Amino acid sequence: MSKDSLTVKGLSRQFGSVLALDNFNINVAKGELVALLGPSGCGKTTALRIIAGLEKSNTGSVTLNGKVITDEAAHTRNMGMVFQAYSLFPHLSVAENVAFGLKMRKVAKKKRDKKVGSILELVGLGNHHKRFAHQLSGGQQQRVALARALVIEPEVLLLDEPLSALDAQVRTNLREEIRRLQLSLGTTTLFVTHDQEEAMAISDRVGVMSNGRLEQIDTPDVLYNTPATAFVANFVGVMNHIPGVRSGKSVSIFGDSYKVRNLDGGDGHVVALIRPEQLDVEEAKKHGNARVVTRSFLGASSRIICELTDGTIVQSLKPSSESGGLHPGEMVNLSINTKEVLIANA
Amino acid sequence: MASAMKKNFAANLVLIVTGIFIFFPLYAATEFSLRNGAEHTHGFAAYRWIFAQSGFIENLGITLRVTSLAVVLNLLIMVPTVTWLHLSGQRYKRLVEILTILPLIFPVVALATGAQLAMPDFMQNSVYELSFFYVVIAMPYTYRALDIGLSGHPLSTITNAARNLGASWLKTLSSVVIPTIRPSILAALFLMVALSLGEFTLAQLLHWSTFPVWVTNVSQQNVIGATALAIGSLFFAWILLFGFSFLGSKNSTTVQEEE
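Chains S and G, in that order, are what the protein sequence lines are. For the first sequence, the working numbering puts the final residue at 396, and the numbers step up evenly by one. For the second sequence, the working numbering puts the final residue at 263, and the numbers step up evenly by one.
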């Protein structure tokens, strides 16, 4: 990755009494695909719309390849965008839709036709030139929208939950296609989604947003394994909340002591945030600290749902070969196979 | 099976009764307009009589010019206004809906006397003042035709897409919004044309000689000719309707979905 293509500094946006975006900062390197992930209403689409010029910010700046474009009109920024809702122009054919942006840029017809033909081939719709939006399925419409956004060779491609209206199978296929195209064309891309699997699967980095702020931005591995905040830990992947008692820099869980990673807050009762694969389950020889509720066979691994003595339900992910002897109702010993844990208020 | 046949019979009966209700008077009027005076023969004498009357071409020309201006004014005012209401003026939509109903509430006499006084002198002395009044009278219908058309499309998304692809607001309106709602614009246009072609009260009150005023005057001399005029006007309106429907139905074919 080379230097930053898109730099956003201190963006804030208030709608009435609601602060939709609060001091939002992000840098996207040339050719990088960054996802903005967060629950509904966290401000990710507002951020994208401000970057696209479709919304004004109260404060902050947007810089594209070294040029400040904060006050530029949407139609003069060279950005491609794919929207959540189907956005093809219903009166134009597929080819005319894709050619629209080139026409606005006064590209000669011959060159235009050539570019439209090759981008439609690239998205697998080479023989759909003459069709209209209502003659295409949802997945095909989003492919055309993607081709229309890419054909103008945008400096940044903005994707605003383009897969959320599609069914699961089409969504999985199309997200792989987006990544393939993005890598082959080297387009700098900012991708907004509320689907963590989608974000983690195709992004170079993922930014997790909450209440208008960027909580953490990092690679999917770092986000999953070392989340910076309790919100990120809970939002990304499955997380167990296991009761413990904190004392200074350590926390006691199941009678063992673990180092606390996030040191804000005081001593006393807390919950430790533990991933299912960080939770070991062993058959109890005498008295265990939990009881097996169910065991679900998932193939190579199995999910074991357990109930702690205080009634807390937790889950562990174990290789199926090691968990065959665990049966519902059986007492087990749970332990944590990591030295550092993230804690949150009980 | 029996229930389906009963349903079909009821539907056909409604269709036949409605057909008789609409077409029998038309048939009777057409038959009457083709009578040759007191003789019991049929022909086109009444239609020939229309063209022989002085002022036919002049008055039809005035009405068509006034109508054309009204159509242009109506589209120039209503299309951007309704588009803006859908994009960012949602909170004013209720108010505008109420305002557009006002022409149905106030009598035309009030419009003719009150509104005319508000017009500048050069407008008061021109027959084209009628175009402005026609825009107001047609507003309840044209507003709703355009409103329905715009409601059927994700307007915000497609305008955002157009702007993102490099189209200015003006280009977005002309290249995306207007073609997208073309059937609704054509419906509004038809309503405007039908209303303008048949408007009599305002023109008469303001002492302008338009085609409907001329029709009323000449009709008093010849009852069969008057019926022929009515039938002729109706067919003219139908031809326009079919023309607009044809233009509006372009590109509306569908094929099976595939993935």
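Bear in mind the hints are in silico, worked out from the structure with no lab data behind them. Fair warning: this is a prediction, and the values are worked out from it, not measured in the lab. Heads up, some of the hints might be wrong.
[Said to hold, decoys possible] For lysine-lysine, the following BS3-like pairs were computed, each having C-alpha atoms within a straight-line distance of at most 27 Å: (1) G/K175 / S/K164; (2) S/K59 / S/K80; (3) S/K153 / S/K117; (4) G/K175 / S/K159; (5) G/K175 / S/K160; (6) S/K368 / S/K389; (7) S/K106 / S/K117; (8) S/K180 / S/K153; (9) S/K165 / G/K175; (10) S/K80 / S/K180; (11) G/K175 / S/K106; (12) S/K153 / S/K165; (13) G/K97 / S/K161; (14) S/K335 / S/K389; (15) S/K299 / S/K336; (16) S/K368 / S/K335; (17) S/K153 / G/K175; (18) S/K117 / G/K97; (19) S/K153 / S/K59; (20) S/K299 / S/K161; (21) G/K175 / S/K156; (22) S/K180 / S/K156; (23) S/K161 / S/K180; (24) S/K53 / S/K80; (25) S/K180 / G/K175; (26) S/K106 / S/K80; (27) S/K106 / G/K11; (28) S/K153 / S/K53; (29) S/K80 / S/K117; (30) S/K117 / S/K180.
Outcome of the hint check:
1. G/K175 / S/K164: 24 Å, holds
2. S/K59 / S/K80: 17 Å, holds
3. S/K153 / S/K117: 25 Å, holds
4. G/K175 / S/K159: 19 Å, holds
5. G/K175 / S/K160: Cα-Cα ~22 Å, so holds.
6. S/K368 / S/K389: Holds, at roughly 19 Å.
7. S/K106 / S/K117: Holds: S/K106 and S/K117 sit about 17 Å apart, inside 27 Å.
8. S/K180 / S/K153: Since the Cα atoms of S/K180 and S/K153 sit roughly 17 Å apart, the hinted pair holds (cutoff 27 Å).
9. S/K165 / G/K175: OK: S/K165 and G/K175 at ~22 Å, within 27 Å.
10. S/K80 / S/K180: Answer violated: S/K80 to S/K180 is near 34 Å, above 27 Å.
11. G/K175 / S/K106: 21 Å, holds
12. S/K153 / S/K165: This hinted pair holds, its Cα atoms lying about 12 Å apart.
13. G/K97 / S/K161: 44 Å, violated
14. S/K335 / S/K389: 24 Å, holds
15. S/K299 / S/K336: 31 Å, violated
16. S/K368 / S/K335: The hint holds at about 19 Å.
17. S/K153 / G/K175: Roughly 11 Å separates the two Cα atoms, so the pair holds.
18. S/K117 / G/K97: Distance ~39 Å between S/K117 and G/K97 Cα, so the pair is violated.
19. S/K153 / S/K59: Measuring from Cα to Cα gives roughly 33 Å; hence the hint is violated.
20. S/K299 / S/K161: Outside the cut-off at roughly 65 Å; violated.
21. G/K175 / S/K156: 13 Å, holds
22. S/K180 / S/K156: 22 Å, holds
23. S/K161 / S/K180: 18 Å, holds
24. S/K53 / S/K80: 6 Å, holds
25. S/K180 / G/K175: Holds, because 23 Å separates the two Cα atoms, which is no more than 27 Å.
26. S/K106 / S/K80: 25 Å, holds
27. S/K106 / G/K11: 58 Å, violated
28. S/K153 / S/K53: 31 Å, violated
29. S/K80 / S/K117: 14 Å, holds
30. S/K117 / S/K180: 38 Å, violated
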